[in-house]
Amino acid sequence: MALSSSAAVQAYLRHVAVEKRLAERTLALYTEDLRKLQQLGQAVGLDVLQLQSSHIRRQVAQMRSQGRSGRGIALILSGWRGFYHWAVHQGLVKTNPVVDVRAPRSPRPLPKALAADEAVQLAAFRAPVATEPASTPSRSLEQDWLEQRDAAMTELLYSSGLRVAELVGLDMRSSAAGERAGRGWVDWQEAEVHVCGKGQKRRSVPVGAPAMQALRTWMEYRPQLPRKPSQELLPDDAIALFVGRDGQRLSTQSAWSRLRQRSQQAGLATPVHPHMLRHSFASHLLQSSSNLRAVQELLGHTSITTTQVYTRLDFQHLAQVYDAAHPRAHRPGAAPAARAGNEADPSDPE
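Residue 204 in this note's numbering sits at position 204 of the sequence shown; the count goes up by one each step and never skips.
Honestly, the hints are just simulated from the structure, not real lab data.
A hint or two may mislead.
With a straight-line cut-off of 25 Å between C-alpha atoms, the simulated PhoX-like cross-links for lysine-lysine are [as the list claims (entries may be wrong)]:
#1 K228 - K20
#2 K20 - K36
#3 K94 - K20
#4 K36 - K94
#5 K20 - K198
Across the chosen pairs, the derived CB separations fall in these ranges [claimed, not checked]:
#6 A294 - A7: 39 to 49 Å
#7 H89 - Q265: 44 to 54 Å
#8 T305 - P128: 42 to 52 Å
Cβ atoms here follow ideal geometry from the backbone N, Cα and C, with glycine treated the same way.
My request is simple: use the sequences and hints to build the entire structure.
Below is the structure:
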């Protein structure tokens, strides 16, 4: 029996969730892209499975006229292209209407990275635990518990350049179930994390001494959950490195929110998101070592062309130093580098 467009979209989302093992946030982006496709179908009075290339091209032109970047349009088209590719294989459509549609080109912005002193300031920050009235000692304990967890997360993000999905997917130790589920783990003896990144690509990344110390301190606090779990914890939660107050594995959204809050507490001018620390990790390593291939391996990039964007960031840093220090530096158009922003960075999906 033929699927309706709505049923086809839901079936595809279930397919990619299982086959690609998408992170929670990535699956939400897929869902939003397909919602836009359904809106397009409604606007032209056609089922999603009846849309043609001409409809897609007109929609691309409209998105461009509304000010959407070429990069943003390309990401939406990628989601649509994947859906129709699947639909062709399912026999729901004869051809993929997006296969030859390309987004308009636009300059790729540089990744937003913190200055080295800002990154160190954030990683080293420790929030004082407020003194609570004697009647509410549990509140003080909860604040201390959250502080140790968030300090360990921040140190590890900057120390190892992990994606936020890789961070929350870490287990306290290696397990067969964790490997089957595509999760990573901490090697306490070797001071490394083993992660499963995009495309199920596994890699090992060193962890610096301050981050390892923060992780060990967190492990002392972790069992002391501020809230009693409402139900028995699943094995996935019981082995998770980072958990919420009730013992369930921490979500990517919670990690984003806590880091943003922490960066403001640490006195940084702009809120920080996890991918900004990944960019900072890569940029600062490249500035110190100039070893692009090593940075590629540490980030888990399949192609070195993805990593090469950091060479532009490195040159921007060098140009800044030149403009500030050289007595004859006043180059036409020279300006300070843009400060780190507070939005998710679309320039580097890796």
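Checklist entry - Regarding H89 and Q265, is the given constraint of 44 to 54 Å on their beta-carbon distance met? => result 50 Å, holds
Checklist entry - K20 and K198: Cα distance at most 25 Å? => result With Cα atoms ~9 Å apart, K20 and K198 stay inside 25 Å; holds.
Item to check | Consistency of beta-carbon spacing, A7 to A294, with hint 39 to 49 Å | outcome: Once the Cβ atoms are compared, 47 Å apart, the range 39 to 49 Å for A7 and A294 holds.
Checklist entry - Given the proposed pairing of K228 with K20, does the C-alpha separation stay at or below 25 Å? => result With a Cα-Cα distance of about 34 Å, the restraint between K228 and K20 is violated, given a limit of 25 Å.
Next on the checklist: So if I understand the rule, the pair passes when the alpha-carbon distance is 25 Å or less; does K94 with K20 pass?
Outcome noted: It holds: about 24 Å lies between the C-alpha atoms, which stays within 25 Å.
Checklist entry - Straight-line Cα separation of K36 and K94 no greater than 25 Å? => result 22 Å, holds
Checklist entry - Does 42 to 52 Å hold as the CB distance between T305 and P128, or does it fail? => result 45 Å, holds
Checklist entry - Quick one, are K20 and K36 close enough, alpha carbons at most 25 Å? => result Roughly 21 Å separates the two Cα atoms, so the pair holds.
Of the numbered hints given earlier, the model fails hint 1 alone.
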